[in-house]
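Novice: Take the given structure of chain A and dock chain B to it, following the hints.
In order, the protein sequences belong to chains A and B.
Under UniProt numbering, read the first sequence as residues 1 to 371, first letter to last.
Under UniProt numbering, read the second sequence as residues 1 to 371, first letter to last.
It is possible that part of the hints are untrue.
All copies of an identical chain are treated as equivalent in the list; a pair is satisfied when it fits inside any one copy or across any two copies.
[What the hints assert, rightly or not] In silico lysine to any residue, SDA-like type, Cα no more than 25 Å apart, as pairs:
| hint | residue 1 | residue 2 |
| --- | --- | --- |
| 1 | LYS224 | THR199 |
| 2 | LYS344 | PHE177 |
| 3 | LYS224 | ASN310 |
| 4 | LYS344 | VAL36 |
| 5 | LYS224 | PRO197 |
| 6 | LYS208 | ALA31 |
| 7 | LYS224 | THR256 |
| 8 | LYS224 | ASP274 |
| 9 | LYS208 | ASP179 |
| 10 | LYS49 | THR199 |
| 11 | LYS208 | PRO197 |
| 12 | LYS208 | ASP195 |
| 13 | LYS208 | VAL223 |
| 14 | LYS208 | TYR182 |
| 15 | LYS49 | LYS208 |
| 16 | LYS224 | GLY34 |
Since the hints were derived computationally from the structure, they do not count as laboratory data.
This structure is a prediction, so every number in the text was calculated from the model and none was measured.
2 protein chains.
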Amino acid sequence: MLSPSRALQLSTAFLCISNAVAFPAASTPSAQKGVVIVVPPVSNDTGIKMIPDNAHPFQAPGPNDQRGPCPGLNTLANHGYLPRNGIASFEQIITAVREGFNMEHDLAGALAGFAMLARGNAFIDLVSIGGESPLVPVLPGAIDGPNPPGGISKHGRFEGDVSMTRQDAAIGDNVHFQDSLYDELLLYTGRFGDDSPVTGNGSIVTTKVMQEFKFARFVEDQVKDPVLQYHVGRFTLSYGEAAFVLNFFANGTDGTLSTPVMGSFFRNQTFPDDWYRRSSPGDINLIGEGVDQILSAHPIAPGANDANGNYVLDAPLNTCSAVYFNLAVQNLPASYSKATGILKQNVNTLIQAIAKPFGCPAVFPTGPSGV
Amino acid sequence: MLSPSRALQLSTAFLCISNAVAFPAASTPSAQKGVVIVVPPVSNDTGIKMIPDNAHPFQAPGPNDQRGPCPGLNTLANHGYLPRNGIASFEQIITAVREGFNMEHDLAGALAGFAMLARGNAFIDLVSIGGESPLVPVLPGAIDGPNPPGGISKHGRFEGDVSMTRQDAAIGDNVHFQDSLYDELLLYTGRFGDDSPVTGNGSIVTTKVMQEFKFARFVEDQVKDPVLQYHVGRFTLSYGEAAFVLNFFANGTDGTLSTPVMGSFFRNQTFPDDWYRRSSPGDINLIGEGVDQILSAHPIAPGANDANGNYVLDAPLNTCSAVYFNLAVQNLPASYSKATGILKQNVNTLIQAIAKPFGCPAVFPTGPSGV
Numbered sequence: 001m002l003s004p005s006r007a008l009q010l011s012t013a014f015l016c017i018s019n020a021v022a023f024p025a026a027s028t029p030s031a032q033k034g035v036v037i038v039v040p041p042v043s044n045d046t047g048i049k050m051i052p053d054n055a056h057p058f059q060a061p062g063p064n065d066q067r068g069p070c071p072g073l074n075t076l077a078n079h080g081y082l083p084r085n086g087i088a089s090f091e092q093i094i095t096a097v098r099e100g101f102n103m104e105h106d107l108a109g110a111l112a113g114f115a116m117l118a119r120g121n122a123f124i125d126l127v128s129i130g131g132e133s134p135l136v137p138v139l140p141g142a143i144d145g146p147n148p149p150g151g152i153s154k155h156g157r158f159e160g161d162v163s164m165t166r167q168d169a170a171i172g173d174n175v176h177f178q179d180s181l182y183d184e185l186l187l188y189t190g191r192f193g194d195d196s197p198v199t200g201n202g203s204i205v206t207t208k209v210m211q212e213f214k215f216a217r218f219v220e221d222q223v224k225d226p227v228l229q230y231h232v233g234r235f236t237l238s239y240g241e242a243a244f245v246l247n248f249f250a251n252g253t254d255g256t257l258s259t260p261v262m263g264s265f266f267r268n269q270t271f272p273d274d275w276y277r278r279s280s281p282g283d284i285n286l287i288g289e290g291v292d293q294i295l296s297a298h299p300i301a302p303g304a305n306d307a308n309g310n311y312v313l314d315a316p317l318n319t320c321s322a323v324y325f326n327l328a329v330q331n332l333p334a335s336y337s338k339a340t341g342i343l344k345q346n347v348n349t350l351i352q353a354i355a356k357p358f359g360c361p362a363v364f365p366t367g368p369s370g371v
Numbered sequence: 001m002l003s004p005s006r007a008l009q010l011s012t013a014f015l016c017i018s019n020a021v022a023f024p025a026a027s028t029p030s031a032q033k034g035v036v037i038v039v040p041p042v043s044n045d046t047g048i049k050m051i052p053d054n055a056h057p058f059q060a061p062g063p064n065d066q067r068g069p070c071p072g073l074n075t076l077a078n079h080g081y082l083p084r085n086g087i088a089s090f091e092q093i094i095t096a097v098r099e100g101f102n103m104e105h106d107l108a109g110a111l112a113g114f115a116m117l118a119r120g121n122a123f124i125d126l127v128s129i130g131g132e133s134p135l136v137p138v139l140p141g142a143i144d145g146p147n148p149p150g151g152i153s154k155h156g157r158f159e160g161d162v163s164m165t166r167q168d169a170a171i172g173d174n175v176h177f178q179d180s181l182y183d184e185l186l187l188y189t190g191r192f193g194d195d196s197p198v199t200g201n202g203s204i205v206t207t208k209v210m211q212e213f214k215f216a217r218f219v220e221d222q223v224k225d226p227v228l229q230y231h232v233g234r235f236t237l238s239y240g241e242a243a244f245v246l247n248f249f250a251n252g253t254d255g256t257l258s259t260p261v262m263g264s265f266f267r268n269q270t271f272p273d274d275w276y277r278r279s280s281p282g283d284i285n286l287i288g289e290g291v292d293q294i295l296s297a298h299p300i301a302p303g304a305n306d307a308n309g310n311y312v313l314d315a316p317l318n319t320c321s322a323v324y325f326n327l328a329v330q331n332l333p334a335s336y337s338k339a340t341g342i343l344k345q346n347v348n349t350l351i352q353a354i355a356k357p358f359g360c361p362a363v364f365p366t367g368p369s370g371v
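Chain A with its partners taken away, still in its complex shape (with noise of 0.2 Å):
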């Protein structure tokens, strides 16, 4: 059973950021085809290996492929790990992390079932690790408004604020690499990171980096961005990514990240040469006391700014898991309960997927439809 604190938990840098490109509704939901969704069996091949492989070469995405605010996502696409158009099942997002970055199979499976349910398209089992595409149409029945799935890049339920490497939706783009914000973590890399007497002085990221540099993005957004939402979803999230790049970035064979295999993630979304993945499964615990870590040199608590720029924190949430609850209840669209067949079986799949890492019952969304 999780801790409160730990049960906050849920891994994703992989899970970042959004602004939805208008495309025309491709094909109608009468003449979509329902695939029912399956949780994979959990795999054993799960020790350290080098990533990527002979099958998986680089090769950038086409103009008409999908990539969205998460480099590892963009990264496993980029190798063809996660299909190269950027348009993935439920399935192909758990074993593709496993894969590449070794990533424990419930919480893979609950960041999936998340995605899928926050912005793809549950019935035909697609979901965009970008923006919008005809490939992923309305649902049917329009059961979460008439506008097709935004993808991950679409702010609000699945992206959010403060994040490390994109701007808040509120101040700039929230979907790309941003140099502004990747010069400012080096900058703190270099002052609270550790030497190398192969990648140079300060070059290794730790988490005392992190500890600085998430707060100091947290100061900014909270100054800058007048409709900051930093409640204890998408807060847990934003430390979850810096606890993610800690311990899913760094290089299997040691354990350590290098700015250089970071910047290999981050800017060029590419595996690095001589690249390891994990030697063990990254899971939930795993993250969470990442999270804590990084949370502990200068506690914040989750909160969104009020009309006069002020910081509100928030009432705690007496539940299993706040951070499961604010997410998977508050945030997904209560109209999934109108679903009917193939798509009513899939929700069903995927609201039990994502409660299962944290060691809650699963709990009916009760958010709002069409946002």
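Specialist: Only chain B this time, still in chain A's reference frame:
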């Protein structure tokens, strides 16, 4: 009169790096029309002023426009202070570096003259700020060999080793901005730079940053570059680049250089928002003092790697100015002595212009041709 150490100085962050792209020789020397080079009068438009003005908006270079190793010159061309095609005359360079950066007249003349004699066509008064161009054909009589001038991107004479943001020619790309090196500069800035309430912690680039970064770059390239050449001319230009960045890229309003401003020049090659050129002309003494300060933390001396990878110090040059002698006498081709007519007149004008800020008598070049 400059001290021997001071007299080393020649600011060239402008002047930096190269690899020639093969172009067909466009016009034969016989078709060229000579242009008499005249040193422009000293301007008294040398105060602080916002750059760019409305007449000089940023415009990205087209596929045939030349850009090269020097962010300052590239920025001037991207704003039309230099011709946007990247092919400039001696007079245009002097005017542009004053207009955009407030570089003092004699220093600008020496740099422009050196660029023209090293890598341009002094008969038609044109040099490429990037690589070879059909607009800058072989010199009359192929006086510097049968190939067209290489532009300042061409390694040797002008472009050299241990740059800040370009690799040594023997290691990698010596012309274009390298994220890996700039990232390293940011790590050093984070560690040794000053804090700013506006641009953030560790975001102000200082002499201390350059002291540590330039030394680290030397140590790296001494190990990695089997043919490292760091003789007194290039050595001084290399440290002069760092002094140039601190003194000419800093905002003229308060004289500080922040990482967003530095990134604007290095990465985007555009003048930053709300940026003012320095409030007084920056001359050879300013750069000389900067070089001395940067070197003082980790004093090293000119030399080169031998066949075993050992760094071998040069014997001192017993001349009016070692840097002048190495760059303008030993490096430039002796074959200019065969020039006649307008070319002869221009060579003499430029030789005088190079010698002037060093306070040394002009000496005719003695170096090899066609290199």
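Novice: Which numbered conditions among the earlier hints are violated in the structure presented, ordered from lowest to highest?
Specialist: 2, 6, 15 and 16
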